[in-house]
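Enquirer: Protein chains in written order, with the numbering used here: chain A, 1 to 285; chain B, 1001 to 1269.
A few of these clues could be false.
Straight line, CA to CA, 25 Å or less: simulated SDA-like cross-link-like pairs of lysine to any residue [what the hints assert, rightly or not]:
#1 A:Lys282 with B:Phe1128
#2 B:Lys1131 with A:Gln196
#3 B:Lys1131 with A:His185
None of these hints come from the bench; they were simulated from the model.
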Amino acid sequence: MVLIQQVKQVIGLSEDGLTKRKTVTFGDTSAVANGRTWSILSVITMAVVWYVGSALEFINPIFWPSPQAVWEQFINISGEGYRNFSLLEHIWASLYRILIGFALGCLVGVPLGFAMGLSEVIKGWFDPVVEFFRPIPPLAFIPLVIIWSGIGERSKIMLLFFAALWVMVIAARAGVGSVKLSKIHAAYSLGASKKQVLLHVILPNSLPEIFTGMRVAMGICWGTVVAAELVAAESGVGFMIMAASKFLATDVVVLGVIIVGLIGYSIDILMRKLEAKLIPWKGKT
Amino acid sequence: MSDLVVNNVSMVFDTPSGDQVEALQNVSFSLKQGELLSILGPSGCGKSTLMNIVAGFLAPTAGKVSLASTELHGPGSDRGMVFQQGALFEWLSVAENVGFGPMMKGTPKEQIKKTVTELLQIVGLQDFYDKPVYELSGGMQQRVALARCLANDPDVILMDEPLGALDALTREKMQSLVLKLWKETGKTIILITHSVEEALFLGEKLFVMAPRPGRIKQQYELPFAEAGLVEDPREIKASTEFISKREEILSMIWDMEEEIMGQVEMAGD
């Protein structure tokens, strides 16, 4: 029994006894459990529908391939690669671009956001720039970055840098704005210098907002890199999808789509775990 | 001796709509080291402005504040602050919060640890050394705030509604703790409160402030804080002397509020 309880807890199936006794549940979001049972059912249903649907040939495999075909392509491409690159190399190509572009975006965006939150001049100066570029989808710049730096790595990294930059600027600025004045006053009257206030109060205090920004930026970057590779690239998951579509190889396309979804999901889970570890006080003040 | 002298301090400022607000008008007083002053008054009487001026967060438009004969400009570790709540650093543990001041000064680690351990003992949180502050109750958090302030060994402690967010029972316990710390450390304390009872019980001196312009309307010298160190606080608060003072002050503040309402109504016409 104890073992079953533990397993249930690990996969998120254990229930809170008090919630069952609540009479008002509609609108009480704390009474809305994670619905893990339904998630498991949902995934199984999708898999079964896909399997049965293709087995009964409801859909032309050119429109939507069977799970077996996708699986075979997965085995095939894992072994032999696709278009001069192995599967892992394609995945790494996409991840690498994201990591560099995202890191650059954070490296520039966070200090700029801080400066904007702390100085009237910098806020006034950069506000129109940030607000103008922020709503533009990064993909709109693809033609420009290709003209500037061709279809190599540099153009994609530049695009991802742009994608991450504005989100990070706004997140960092919001983080600075969330500092309670009493914390700042407390630090000064405890003898802290301006630099110490920045490093020991403003920076840690804005970590929750910065981290939320990083999660959003990561999502945007992942979407952008795949889309950018669809337009112009020689490797990457997006390139794989695009190249396969030219031969109507929908099994490869769907394989690519599944890989994109799984990696995006994994990145977010990873970042959420990291967040819980690094910022345990988030939402508890 | 580190006497605190507030000399003819005035604070006048323009609001964005162009009105002039006289937040403080010629406020003067002095506190000897080790005195405990509580300040009471309706909202808008300038008590927070006064506190911010003494703390060094605001520069008065006229007059000056000096501590130990040195004129004050800006905040400093000679004046510790205790805020209502939410001024603790959630990313730091209880011990790290208390040791924040010494750490900023670059005090050696062992010495910080010794000071922190001692102070946590005094405020009764020795078992919470490594706990994150957000896991503590409101009363415990204020104990941490008191200890953090004391860790710097300031000459003056400024408390802005320190117990305002606590429930009534915790609040009474904390009042006794404040008195205990006051006696043991011999610090000068200025305490702002909304509670007449608290102001009477804790203040050796008590100022009742009035608004428009913000000024000290009435000053009292009270015996209750001294008595509270040895006698039962419940009994002191139930004594006829305490109750009559409380009613006197309550009706004074009540009249001020009426007056403000009257002014507002007239302005409305």
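Enquirer: Does each hint fit the structure? Answer for all of them.
Expert: Quick rundown of the hints versus the structure:
no.	hint	in the structure
1	A:Lys282 with B:Phe1128	holds, 20 Å
2	B:Lys1131 with A:Gln196	holds, 23 Å
3	B:Lys1131 with A:His185	holds, 24 Å
Going through the hint list in order, the structure satisfies each hint without exception.
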